[in-house]
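Protein chains: 2
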Amino acid sequence: MKAKSFAAPSADKPLEYYEFDRREPTPDDVELEVQYCGVCHSDIHTARGDWGEVEYPCVPGHEIIGIVTRVGSNVTKFKVGDRVGVGCMVNSCGTCDACKRGFENSCFEETIWTYSSKDPVDGTDTKGGYSTLMVVPEHFVVSIPESLDSAHAAPLLCAGITTFSPLSHWKIGPGMKVGIIGLGGLGHMGVKYAVAMGAEVWVITSSPEKKAAAESYGAKGVIVSSSEEDMAHAANSFDFLLNTIPKAHDLSPYIKLLNIHGVLCIVGAIEPMPGFHSGDVIHGQRSVAGSGIGGMKETEEMLAYSAEHHILPEIEVINIQDINNAWESLMEKNMAKRYVIDMKKSFPTE
Amino acid sequence: MKAKSFAAPSADKPLEYYEFDRREPTPDDVELEVQYCGVCHSDIHTARGDWGEVEYPCVPGHEIIGIVTRVGSNVTKFKVGDRVGVGCMVNSCGTCDACKRGFENSCFEETIWTYSSKDPVDGTDTKGGYSTLMVVPEHFVVSIPESLDSAHAAPLLCAGITTFSPLSHWKIGPGMKVGIIGLGGLGHMGVKYAVAMGAEVWVITSSPEKKAAAESYGAKGVIVSSSEEDMAHAANSFDFLLNTIPKAHDLSPYIKLLNIHGVLCIVGAIEPMPGFHSGDVIHGQRSVAGSGIGGMKETEEMLAYSAEHHILPEIEVINIQDINNAWESLMEKNMAKRYVIDMKKSFPTE
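Just so you know, the sequences run in chain order A and B. With our numbering as the guide, the letters of the first sequence map in order to residues 1211 to 1560. With our numbering as the guide, the letters of the second sequence map in order to residues 1211 to 1560.
To be clear, the hints were calculated from the coordinates, so they are not data collected in a lab. There's no promise every hint is true.
The list treats identical chains as one, so a pair stands whether inside a single copy or across any two.
List time: in silico PhoX-like cross-link candidates among lysine-lysine, alpha-carbon distance up to 25 Å [unchecked claim]:
| hint | residue 1 | residue 2 |
| --- | --- | --- |
| 1 | Lys1328 | Lys1466 |
| 2 | Lys1310 | Lys1381 |
| 3 | Lys1287 | Lys1310 |
| 4 | Lys1287 | Lys1466 |
| 5 | Lys1214 | Lys1554 |
| 6 | Lys1466 | Lys1310 |
| 7 | Lys1507 | Lys1466 |
Just so we're clear, the structure is a prediction, and the values are computed from it rather than from any experiment.
Produce the complete structure using the sequences and hints provided.
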């Protein structure tokens, strides 16, 4: 089946219209018509080659909501017409300890990402959700709870799970003080989840003008990272810091904000980080951790939690023809919202 | 009271005999005659100025067992003749959250170390246990369980608590796979505790000849850190790594040994560490943590645990007159044992 899409033709050129064939579903595959696809910073990083060489044309997009159009003969969880989601990964070995424990995102062999990975099923390069059609193994497709609006649900598949998983793993709850570093697409979701979990939440940001937004999501206020006074005042006080800064940076000033046994978890920057003095973590038995999306089981838990607690991202719906402008504005400022592509509106049925 | 001792006269000279006055005990102080003092790598680091400028003469030593000779009027826990221990710290603010929760070692104001700290009681530079006499606030003195031999108990006050605290905090137990990186004074204690706690324990070392020693302490075997084959075979398998390497080093090869949710805890190197790729911790939701000695409450727990499980360090008893040779051999090789100074034998009563 022909998939209409937008793709990066190279690392340095704007995305452009592109058409290609999706494979025929295998017995284990689900085919879906894409309704909405969120726009993630990773899309830009990958397409521009920041994370290593990729094959072009590169079709990004891994926050996907769609309607099932066909299912393979072995598929039992979904039927034609179901509303489903696809996130950042579309395959993994399935047999290692990580996969068996439900952490396909940390497969010890290789996680197959939704775009720009080598697909073990047909040997092609995977292509993402900036596209009208997806074909994905059943195991990597999730049901979307009925109460969640489709456009708003799309970013849950990456921004949602990336923030929910660590907050859930480190058992954020009442009595804890949580800092969300950065108030962009990830950060604003982090605030909403941590608030829902019952923690006292602060946003740590270089942009004091984000105070109103932070508070509107339930944060107590902001700590301005460039203010020595703010940072000194907040020293040794946080039980958990969710670090959504999307590029390498000095962790030391943030580690010093942690209370005894505090954990700083990196979810934004995926690159070599500058070193820190081990005394920063030795003091207070602190930890620097990392977390990336989550496993399929956690993703289902996140969707159920989001539906139950009415947690949805702030979004701005765009047509895919506006994607290059959206990328530009995303790079200019880490916005506290997600662009979501309306695929049906972008490609009205002839 | 005059204290006979050995002190470093400067950063680059051998230790030499030195005599000084200990203060009269305040109402809150305990005075003790030092029987034994362990020799720790930190003694060398501090005296040589590796961790910052210190005042000379510097009297090291923070693994101290002694007999109470006088107590202040407010002292209730100890009486003359009691056998007691003093570890790495002799004071803290006592009022911050860390102190109130029993983590005086991470006091948010300032932990006063046993040597080369500014003593808030009398304004002098603190002087350690390479000495016949100590005067220490009651709160920083611990009882030594009767079944523990004095010479063997001395290193528990630093090497013991430094390894026990993180293993206890991260709940090491049956079903867990634990790696002890480095088999020196800290490492061999780490092996013994982790084995007693029921974990499957491996030693990760650059010295394959340490296999027999490692196994004699209860380890399953060694993983040779310079062997690509050994390291690849052990990838993604450890729940906890206790990193006792005493100087800065690349953490990446070790982080890659961690299983999902695995924690690598630095207890050896206290200095700026090289950075690592955040992907190493993002993969598997892993953590890089740190830990340094432990609070007074944990120290008491460690002593009780060591007595109950018969966990004692390997030691070689020396006279203080041999201290410079001991330091030399300690620096040449990270030995799987502790030198312990017999202070009474070093300075026989006239």
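Evaluation of the provided hints:
1. In the homo-oligomer, the alpha carbons of Lys1328 and Lys1466 lie at most 25 Å apart only across protomers (23 Å), although the nearest pairing inside one protomer, at 41 Å, exceeds that limit.
2. Taking the closest pair of Cα atoms, Lys1310 and Lys1381 come within 25 Å of each other both inside a single copy (22 Å) and across two copies (23 Å).
3. When the C-alpha separation of Lys1287 and Lys1310 is checked against a cutoff of 25 Å, the pair qualifies only within one copy, where the shortest distance is 19 Å, while the shortest distance between copies is 53 Å.
4. For a Cα distance limit of 25 Å, the shortest separation of Lys1287 from Lys1466 qualifies neither inside one copy, at 47 Å, nor across copies, at 35 Å.
5. Taking identical chains as interchangeable, the C-alpha atoms of Lys1214 and Lys1554 lie at most 25 Å apart only when both belong to the same chain, with a minimum of 11 Å there against 86 Å between chains.
6. Within a single copy, Lys1466 and Lys1310 get their C-alpha atoms only as close as 37 Å, which misses the 25 Å cut-off; across copies the closest is 19 Å, which meets it.
7. Taking the shortest Cα distances, Lys1507 and Lys1466 sit within 25 Å of each other only across copies (24 Å), while inside one copy they are farther apart (34 Å).
Hint compliance for this structure: hint 4 is the single one not met.
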